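Undergrad: Take a look at the letters that make up each chain.
Number of protein chains: 2
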Amino acid sequence: MLESLFYPNSIAVVGASRTPGKVGHDIVQNLIDGNFDGTIVPINPTTDTICGLPCFKSLKNFRDGNIDLSIISVPRVAVLESVKQSIQAGAKAIIIISAGFKETGPEGAALELQVAGICAAKKVRILGPNCLGLINTGHKMNASFAGSMPTGGGISVISQSGALCTAILDLAKGRHLGLAKLISIGNKADISEVDILKTLANDEQTKVIVGYLEDIAVGDDFIKAAEEASVKKPVVILKSGTTAAGLKAATSHTGILAGSDTAYGAAFKRSGVVRAERFEALFDFATAFSMQPLPEGNRVLIITNAGGPGTMAADSVELAGLKVTELESNTASALRAKLPAAASLGNPVDVLGDADPERYVAALLAGQNDPYIDAIIIILTPQAMTRPAETARAIAANLDGKKPVLVSFMGGQSVMPGREELVSAGLPDYESPERAVSALKAMWEYASWKKRPPRMVTRFRVNRRRVERIINRRLRTGRTHLGEVKAKNILKAYGFQVPDGYLAIMADEAVEVADRVGYPVAMKIVSKDIVHKSDLGGVRLNVKNSEEVRDFYDLMLLRIKQRAPSAVIDGVYIERMLDPGMEVIIGMSRDQQFGPMLMFGLGGIFVEVMKDVTFHLAPITEAEALQMLKSTRSYEILKGKRGQKGVDLVAIANGLQRISQLTTDFPQIAELDINPFIVGGVGNETWAADARITLRPLSK
Amino acid sequence: MLESLFYPNSIAVVGASRTPGKVGHDIVQNLIDGNFDGTIVPINPTTDTICGLPCFKSLKNFRDGNIDLSIISVPRVAVLESVKQSIQAGAKAIIIISAGFKETGPEGAALELQVAGICAAKKVRILGPNCLGLINTGHKMNASFAGSMPTGGGISVISQSGALCTAILDLAKGRHLGLAKLISIGNKADISEVDILKTLANDEQTKVIVGYLEDIAVGDDFIKAAEEASVKKPVVILKSGTTAAGLKAATSHTGILAGSDTAYGAAFKRSGVVRAERFEALFDFATAFSMQPLPEGNRVLIITNAGGPGTMAADSVELAGLKVTELESNTASALRAKLPAAASLGNPVDVLGDADPERYVAALLAGQNDPYIDAIIIILTPQAMTRPAETARAIAANLDGKKPVLVSFMGGQSVMPGREELVSAGLPDYESPERAVSALKAMWEYASWKKRPPRMVTRFRVNRRRVERIINRRLRTGRTHLGEVKAKNILKAYGFQVPDGYLAIMADEAVEVADRVGYPVAMKIVSKDIVHKSDLGGVRLNVKNSEEVRDFYDLMLLRIKQRAPSAVIDGVYIERMLDPGMEVIIGMSRDQQFGPMLMFGLGGIFVEVMKDVTFHLAPITEAEALQMLKSTRSYEILKGKRGQKGVDLVAIANGLQRISQLTTDFPQIAELDINPFIVGGVGNETWAADARITLRPLSK
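Chains A and B, in that order, are what the protein sequence lines are.
Quick note: the first sequence, position 604, residue 604 per our numbering, numbers continuous.
Quick note: the second sequence, position 518, residue 518 per our numbering, numbers continuous.
If you are wondering where the hints come from, they were derived from the structure by calculation, not from laboratory data.
Check the hints yourself; a few may be wrong.
The list cannot tell twin chains apart, which means a pair is met if one copy fits it or any two copies do.
Said to hold, decoys possible - In the DSS-like style, the derived pairs of lysine-lysine whose C-alpha atoms are separated by at most 27 Å in a straight line are:
#1 Lys22 <-> Lys84
#2 Lys645 <-> Lys224
#3 Lys533 <-> Lys639
#4 Lys338 <-> Lys57
#5 Lys402 <-> Lys492
As the structure is a computational prediction, the values presented were derived from the model and not from experiment.
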């Protein structure tokens, strides 16, 4: 897809330099040092040779396809001209190393747009500007000033921070890890993480994709590309800026609780992206993914030559939601014969402090053969009789490659030879058992995602036209808030049941409506100027007869006149009181990047104080909606605890699916709360008892 | 205190060997290689020299104080005799390296007890058995077979796992960290973590104590020793076995929620111990503590040469509960002059990708001089112009040592020279900014603990005799459960207000009582055979008049006869209904190690479903009790949210303090729940509305 960028035959370096340490020099030198097979064309008006290669004054002589890829490292003022000449020379891809664009302010941003426009017109792709370049070990191409060529391998890296590229490159070298591609995406004037994800998904050399991202250009595209990539290979991403979020103004509960980090979390979960929470985790996870098969289940065997670290590992396994499973009895008795009597055959299997490589191998084989074990963690501490290097070799020689085996050789100098053996044999090694367990957890989560059932989004029959009319009418008035009555009309059109009720504008009419819907009734003031109705005396519940309706109607109007004299009153909404059920909140807040984020939580304090809510991106399936319920801490209450009857979970899931459809159909809906959504036992009716919707005008 | 163990002049090695690799050889060799200044006396019946030293057939010739410390590494059967001979030779301390004791079963345990008994009688201290020995770099003594002598330094290590000792030693060497002492405590037949904590607390060479523990011998002693040590220097402990807990049978809410790990957490918190959750954290924290001053506050400045890692660090700082604070304006403008225009002077301060050492120094000085900054984190990524080693030297040269400075040089090979400079200059360096932040958080927590106000435990005037009588009478019957009535009598004696009420054994009497206490009343069946009263129809609330009392009395007895025919009924308890207030739970569960653990939680679902509870060890101060309330997620509800009035927090704290006193006074009380404890607004009465107590017989 980005063939000319990743696999060029000829590369021009515009702004090449004779001075070591200068970017224009280092790129040429890196290309040479990396043994690039094709043609390297240094461009510099003032010299004849650079790094031993003939240097050209300008690209003007290279027309009609002589150049595949142009790397531009010139002062900002000269970038535009260099881009034009590169295109004329036939470049199909351009890497703009130079900085001074969007990151510096409006002027730079304008120039960046201009450059991007010219390239787009000619179908030339740009990487950068303000980037480090690109490395493709599979093409022996180090088109960067990031440092020397890494060893080839299965890990590809996308980074929005050039500095992190060099740190990662440096780290990979220190750990003897092999890289496939490394791409510094810089300002993403054209090529973004989405393009790179698509390319790497189809790159055979790449076994795992590792990314550092600060923002994402287009949420939907990212989700699609990430999901397609995740189906083929693991995508591990570190996203920074997680706490800086939450700056947008929000009025609904859902909006207040839905930070942008929550949205990223939901997007990653949807698309199977494995999230790294710390820098180390990027490589801890990538190593495991690139070297070992995925686990079939979550049952872990721990093998150790010391009790303490074994216990530490077992603790971590349980905290990670994986299982510490004992060996099946046949496997255990076979192993018993091969270990000293003092060895412990529980889990952890303790092969004892004086364990030789044979004992480790015996335990490893037992774990590999045991049908009830899905993954193995091996711990070695350097004790008097320990032979780290031989043990590493023996473990490596006996792997059957069917279950993931992760290793922690604890210590420093004395286990170092063992560690190197491990890495070269394709066994991921971790400083501590806890880090090995974190990596295994990531593998299990990814494996579970891969096995997820096909996503079937239900389309309900709804009255879309009606909603369209209500929304358009409201937007035409210039108002964006939809109060209870209008919001309920919209919900009704999408299959929600709302309490029977009508707007009354006189006391007589109120009584008439109440007689019709049946007692007791609820009475609520309707005014666009009043948001917190009950605070002003604008709500009366459980009104029992016509006399009370009349009294409270007059009293309510009196109170509102006293307390909010300037409010324009539409009338009083009279509705039948509902049978009590459990009150939950379902809602939606539209994320700038990822679109509608659905929320679920138990009502009242659970949402307001305990923040016990879950989010999921729309469109949502029934299974996903049910999973949202399960993910709350208060799920036990929904299910019914201690003999109490639970509520109709499917009915709540149905409500979430309908909101999903509504907010997917109408991008004008910015926020929506159904609070409370009343739900009873299975088979009972559900009610959207109160609701509010906030709109945003669609830009033309 | 353990002078002969840590600072012996002469050391016997019983079971010394000529064969390299054997423990008895390695210990002698390690003593020699470590340049031990005193006399080394190898004992072996079959040879004349070992490692060039004259070897003796037996210790029998060394009487009357010739030997200070004896290290025994002989087969288990010969240990007892070797111990006796060591004592006769004058040894005041014995290290038993040999294994085969408590860890192997009852026989080994018996032998261990016998050996301990003999030594105790002669006031000779034992380290081990089943240990690796001891290293004291301050005495040039490597009395272990753990490996070669580490560099001297300020970190002392206690480990209950010999294997971890070697791993730690190995790691310290790899990281160029200096150690003071390393003690492998093995089976702890005599010397335990408590003795070592006391010794290290007073050891001038030791700046920070690092421990790996699997269990703790005596909870109270540990807390006392740990607290005394923490006052002088940081104590960092990794405790394994955190999830294996919770096996004990518990009947109260408090008991069910109070796992042993919770108790360890509470004990560590009380005694100022910094808890490490992962193996890496032990050294990450120890390095920071041993090299840098404690922060005075929690405001952190981040200095970086790359945006991405800076954001990552800022995220971590906020997640850790520390503050990302901008430079004060004077400091900022002074710094502005020294940095390029493109540099960002927010927080993080971005000194840009091409930063030289001078820019780092300028930012460091700004941070050091700024009165609103308490700690500094410096991040360096290896970019084209970066000079890691010089930058490290420049930073080190400009430290004023008043605020903690933690560094993360990210990457591998290319930053390695810088890392080594950092360590040798006393600057803790971390693989990632996140790890530096974790270490800083540990420092801040420890600094806060050190500044805690003096602990003043209130003693209330109570009727202790009365409780003693109730408890003894109940224990004499062989029953351990105290039902509502008896439990309330106990609480009353400790100053709790309980609703006015009496036991009625006839309907007439019930009416009489109800008339006396006033309507409405609550009626509850009293029977030692019935625990869940309301499930059987044994509770009636809001009984309004005498006729209802009579009806429900008869109905209740009828129902109980039908539903629990074999239950012996004491009668029906009639009490005045309470004014509604907020229902909370306060309780106590006695931990085997650490004694009474107090619990607080909001009532009902908050405890049962949300597990939103906090624990604290008794005795508790008012400040600590208030802190317990604050630590719940539901604190917002207690305080009163959105204009609602809050409850009387001090009254709840008072209740916790009274339970603290009660359960400290009476070790017979195993579990206690006051559920609900009803509390209203400030000045309102509080009520112990229901209660249960479980006793345990005190062993004679």
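Undergrad: A separate judgement is required for each hint: does it hold in the structure or not?
TA: Verification of the supplied hints:
1. Within a single copy, Lys22 and Lys84 get their C-alpha atoms as close as 23 Å, which meets the 27 Å cut-off; across copies the closest is 75 Å, which misses it.
2. Within a single copy, Lys645 and Lys224 get their C-alpha atoms no closer than 41 Å, and across copies no closer than 50 Å, so neither meets the 27 Å cut-off.
3. Taking the closest pair of Cα atoms, Lys533 and Lys639 come within 27 Å of each other only across two copies (24 Å); inside a single copy the shortest separation is 32 Å, beyond that limit.
4. Taking CA atoms no more than 27 Å apart as the test, Lys338 paired with Lys57 passes in neither setting, with 74 Å inside one copy and 38 Å between copies.
5. Taking the shortest Cα distances, Lys402 and Lys492 never come within 27 Å of each other, neither inside one copy (53 Å) nor across copies (66 Å).
The structure fails to meet hints 2, 4, 5 from the earlier list, while all remaining hints are met.
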